[in-house]
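By the working numbering, the letter at position 459 of the sequence shown is numbered 459, and the numbering carries on one by one without gaps.
Bear in mind the hints are in silico, worked out from the structure with no lab data behind them. We put the CB at the ideal spot given by N, CA and C, even for glycine. Any given hint could be a false lead.
[Unchecked claim] BS3-like, lysine-lysine: derived pairs with alpha carbons at most 27 Å apart:
{"#": "1", "residue 1": "Lys471", "residue 2": "Lys486"}
{"#": "2", "residue 1": "Lys471", "residue 2": "Lys354"}
{"#": "3", "residue 1": "Lys340", "residue 2": "Lys354"}
{"#": "4", "residue 1": "Lys385", "residue 2": "Lys354"}
[Stated by the list, open to error] Listed next, with one range per pair, are the computed distances between beta-carbon atoms:
{"#": "5", "residue 1": "Gly300", "residue 2": "Gln115", "range": "46 to 56 Å"}
{"#": "6", "residue 1": "Thr211", "residue 2": "Gln99", "range": "15 to 25 Å"}
{"#": "7", "residue 1": "Gln496", "residue 2": "Gln56", "range": "41 to 51 Å"}
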Amino acid sequence: MSLAPTDTPIHSNPDMPMLEWTHRLSRLGTRFFTPLQPTPLAAPAWAARNEDLRIQLGWPSAVFDENHLQAFAGNALLVGSLPLATVYSGHQFGQWAGQLGDGRAIWLGEAQSAQGPQEIQLKGAGRTPYSRGGDGRAVLRSSIREYLCSEAMHGLGIPTTRALCLVASPEPVRRETLESAAVVTRIAPSFLRFGHFEHFSAQGDVDSLRTLADHAILHHLPECQERAALWQGNVYAALLDVVQERTALMLAQWQAVGFCHGVMNTDNMSLLGLTIDYGPFQFMDGFDPGHICNHSDYQGRYAYGRQPNVAYWNLYCLAQALGPLIDDHDLTLQVLEGYKTLFPRCLGDAMRAKLGLVGDLAPESEREADWSLVEDVMQLMSAEKVDFTLFWRQLSQAVVAQSTTSTLTDAGWSGVTDMVLDRPRLLAWLARYTERTGQSSFAAMGQQMLRTNPKFVLRNHLAETAIRQAKLGDFSEIEVLHNLLKSPFDEHSGMQAYADLPPDWAGQLEISCSS
């Protein structure tokens, strides 16, 4: 079979548009993007179609027919789409990198849906003016990881971009080795990043900066208008405030599930507080605050324990970019101070929920005592590299199993106590914990914990297994994992192996920025 694709994309179903387009971003003008066509992909085949997301969006089933396969491969154009690549700049690993932009993502447009207007991107659809010498392609390996993880994060209730479908191709792509190409279709209310604002601020183009900020406020963050009253009527200060609030909530949720992003550059930070750009991510196995999931992160800048501070650093960069609009340095710093208060509170609430301790109205003294419980058990987990996901799930199940007459030596606690070597230390902690909670509330509390502490996360070895099978032409494991990860708190009878400790070979897996 020839691998030569069609030279130019053609329209898909020219007389039958599937979607109702709005294209609000494209109205801003070509200062913000470059119109272009996707690069056709050889011999595309469906690797995954997210029917759940399609139904949630209210889009017709014909979106996933064989004709539209060509559109999602970049070989045809969805009728009404206006493909383009946006320009942005940013800081990478703490250093100003200058102009970046959509190097391998092509924006097809914004379509109406049951969940409001949604932007559609093809990731891996070929070169753009911002590819910086790259081929603009994505490999099957990284595309599977993004498809699965974006849906896993959604299943966990963490704000994220979504993945509509995944197309595979035998077309060769060179990374560390020769791999095959793929295109993942991403969905989000907006793909605006901190770097979009940094770009125009760095150029001194205040008019474009204001146009972009006004667009974001009008179409995506209208709550800024009301919140401006808290900041002397300054709507751009309110914009920064809303973004820092969303970012704090997202980071707290990341930390609470042991998620490591791996490359938190400012151009990988969503203005809407969505998890975006799944590259060298990882859900931790053994708990280690210093864990570095990105093999390319030689200095450990994006280690798990540093993520909250990096988010603040990135917000500071966004604040500098918005400076010409806010036009009040002291006010800007006042807004940023909010993160220092809000993030610890969000994280405290998330971790208290993992212990079954809920209630936003808890007094500060109670919150501080609960945080002491959290810190102490996390220190124990860190000392022994206890499996993060499994520990919290086992604790949840142990709480469910208790009765008002149980003791810490009962078999019901063994799933927790067997996970550590320092048993006396854990028993002492459990004694404090059970005293705090009161055994009479165990049944309801345990059920709440089971809805907070997932049984399934996308561990590296699970993704790797799906990748290895997909390279052999078998995409079935992608669907198996998707079905588990879209409801990660359920038991899923017969699937226990997917929740067990990782195999020994998992420790040898390395992920980098090419992942």
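Outcome of the hint check:
1. The suggested pairing of Lys471 with Lys486 holds, with an alpha-carbon distance near 23 Å, which does not exceed 27 Å.
2. Using a Cα cut-off of 27 Å, the hinted pair Lys471 and Lys354 is violated, with the two alpha carbons roughly 38 Å apart.
3. Taken as a hint, the Lys340 and Lys354 pair is honoured in the structure, with Cα atoms around 22 Å apart against an allowance of 27 Å.
4. At most 27 Å may separate the alpha-carbon atoms for a hinted pair to count; Lys385 and Lys354 meet this at roughly 18 Å.
5. The hinted window of 46 to 56 Å between Gly300 and Gln115 is violated, with their beta carbons roughly 38 Å apart.
6. Range check, Thr211 to Gln99: about 18 Å between beta-carbon atoms, so the 15 to 25 Å window is met.
7. Roughly 29 Å separates the CB atoms of Gln496 and Gln56, a value that falls outside the hinted 41 to 51 Å.
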